[in-house]
Amino acid sequence: MAGTDAIVIGAGLAGLACALALSDRGLRVTVLEASDTPGGRARSWTDATTGDRVDIGPHILLSEYRNLRAMLERLGTHEQIAWQGRRFLLLADQPQLEIRVDPLPAPLHLLPSLLKAPQAPMHDLVSNARVLWRTLRLTADDVQALDAIDAETLVRRLGVTPHFIDWFWRTGAMTLMNVPLGECSAGALLQLFRFLIGVSGYEVGLAKVGLGDLFAPAAIRAIEANGGKVRFGAPVAGLIGDASATGVRLRDGAELHAPRCIAAVPPDALRAMLPPHWTGRHGLFDSFARFKPSPYISSYLWFDRKLTREPFWSKVWTPRTLHYDFYDLSNIRSGWRDRASVIACNLIHSDRAAGLSDDQIVQAAVREAAEFVPGAADAHVTHASVHRIPMAIPSPHPGTERLRPGPITPVEGLFLAGDWLDTGLPSSMESAVRGGWLAAEAVLSTAGGRAEAIARPVPTLQGLAALIGHRSLR
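Counting with my numbering, you get residues 210 to 683 for the letters of the sequence shown.
Note that these hints are calculated values from the structure, not bench results. One thing to keep in mind: the hints can contain errors.
[Claimed, not checked] As a list, the in silico EDC-like pairs of lysine to aspartate or glutamate whose alpha-carbon atoms are at most 16 Å apart:
hint: 1; residue 1: K438; residue 2: D245
hint: 2; residue 1: K501; residue 2: E392
hint: 3; residue 1: K325; residue 2: E307
hint: 4; residue 1: K438; residue 2: D233
hint: 5; residue 1: K501; residue 2: D560
hint: 6; residue 1: K438; residue 2: D214
hint: 7; residue 1: K417; residue 2: E519
hint: 8; residue 1: K417; residue 2: D547
hint: 9; residue 1: K325; residue 2: D302
hint: 10; residue 1: K501; residue 2: D477
hint: 11; residue 1: K515; residue 2: D587
[To be verified] Simulated restraints, written as ranges between beta carbons of each label pair:
hint: 12; residue 1: P485; residue 2: E282; range: 38 to 46 Å
hint: 13; residue 1: K501; residue 2: P444; range: 17 to 25 Å
hint: 14; residue 1: W342; residue 2: G564; range: 40 to 48 Å
hint: 15; residue 1: A481; residue 2: D587; range: 42 to 50 Å
hint: 16; residue 1: A549; residue 2: R529; range: 24 to 32 Å
For clarity, every value in this text was computed on a predicted model and none was experimentally measured. We put the beta carbon where it would ideally sit given N, CA and C, even for glycine.
All chains, please: the whole structure from these sequences, using the hints.
Spelled out as structure tokens, the structure:
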């Protein structure tokens, strides 16, 4: 395409973040999106039956998502987040347990809630001492070394009691890492755990509008106002070039050319776009085949009555648990407060439910919702929508943490963006934005020497945690 400085493949969060950063700095950017809807794995659309905006799946945000918050502030949509104060999580357990972020120095800010939990007697909590010490002293080399084993093996080796492993660590692996504990990289899980216990004062945020509506429409307007273009229904069949990337070939045969191409797509989609002589020449591209998707099923249930005033809650792990996190959108979305409940829930790592029909998924969702809000069992579901999503994130299996690449590839002119890059964070919306901005930094460094720090750094340890973990992770 004449006059284009950079082509961005993918209009998800990473692609739009990268394109926005580049266009804000004077580059002429063209974004190519295969579907007719922007947002990628955080997209939103209008439900045909109810007219409500729904998401591919609900997500929480954290106030320490510095890159995502900076992007939303740039777009003017940051006020569309409902912050939840000190409540971090409401566990739908027996009994219910509210976990709060207390005004104590890290890593003590979550301790008061755990000390009140009858599910975690003192000997269970104390059994985590070696895990806590190992986590706070974690370095980048440690993350790579621990990536060789699964998280269940590690916490057992470090002396955590079987009960606490089931109640806490299995729940955390499923809800935060999207895989079972025994299939999760120990390095990846401890890196996230370090963030949660090493930084205090953060809040959970929930989108008051459709998740994709937080960023996609405003980002597209900004990119186009800067002279860029965003094209939908433009699937890329392959990248063009020999020793360097010179453009893309669309599925309809058309070719677009630019000196820089940024692939903001998942690793499996990217691998399908690579010319065969690149994959044979560069080992980095061969490693993409080792990333496997973690699928999930997200269901939306419209009820005939108000069931609860709680905005969100989570179930703890059991061998039978299907849905872990639940959101009553009537208590979250702007202007919905007086409506009947609209409950969205996620069935994580959904391979285990592959044989269930949509009706069976809905029945299971109602049954598990009723364990927290008993009225759901007697209420009528007026409408339901089941979304089967092939990939929530690339599964953080043992061995994958060390495979996460940076934004620069061995092919000149080809850059990578996405939540699966080595961002210092688990795959998430925050990691996607940071990955997009790291790619923009790399592109700018080749465009007339305009090197610039765009990506916000990963938060460092605070309080007592900083004294214990005086070694740097990055």
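Checked hints:
A threshold of 16 Å between alpha carbons decides the hint, and for K438 with D245 the separation of about 14 Å falls inside it, so the pair holds. With a C-alpha separation of about 12 Å, the suggested pair K501 and E392 falls inside the 16 Å cut-off, and the hint holds. For the given pair, K325 sits about 9 Å from E307 by alpha-carbon distance, which is consistent with the 16 Å threshold. Our distance criterion of 16 Å between C-alpha atoms is met by K438 and D233, whose separation comes to about 13 Å.
Our distance criterion of 16 Å between C-alpha atoms is met by K501 and D560, whose separation comes to about 12 Å. Note on K438 and D214: the hinted pairing holds, with a Cα-Cα distance of about 12 Å set against a maximum of 16 Å. For a cut-off of 16 Å, the pair hint linking K417 to E519 stands: about 14 Å separates their Cα positions. Among the hinted pairs, K417 with D547 is consistent with the structure: their alpha-carbon atoms are about 15 Å apart, no more than 16 Å.
Taking the CA atoms of K325 and D302, the gap is near 13 Å; set against the 16 Å cutoff, the hint holds. Taking the CA atoms of K501 and D477, the gap is near 8 Å; set against the 16 Å cutoff, the hint holds. For the hint pairing K515 with D587, the CA-to-CA distance comes to about 12 Å; that is within 16 Å, so the pair holds. The given range of 38 to 46 Å is respected by P485 and E282, whose C-beta atoms sit roughly 43 Å from each other.
Distance hint for K501 and P444: a CB-CB separation of about 23 Å, consistent with the stated range 17 to 25 Å. Taking the beta carbon of each, W342 and G564 are about 43 Å apart, inside 40 to 48 Å as hinted. For the hinted restraint 42 to 50 Å between A481 and D587, the CB-CB distance of approximately 49 Å keeps it satisfied. Taken as a hint, the range 24 to 32 Å holds for the pair A549 and R529, whose Cβ atoms sit roughly 28 Å apart.
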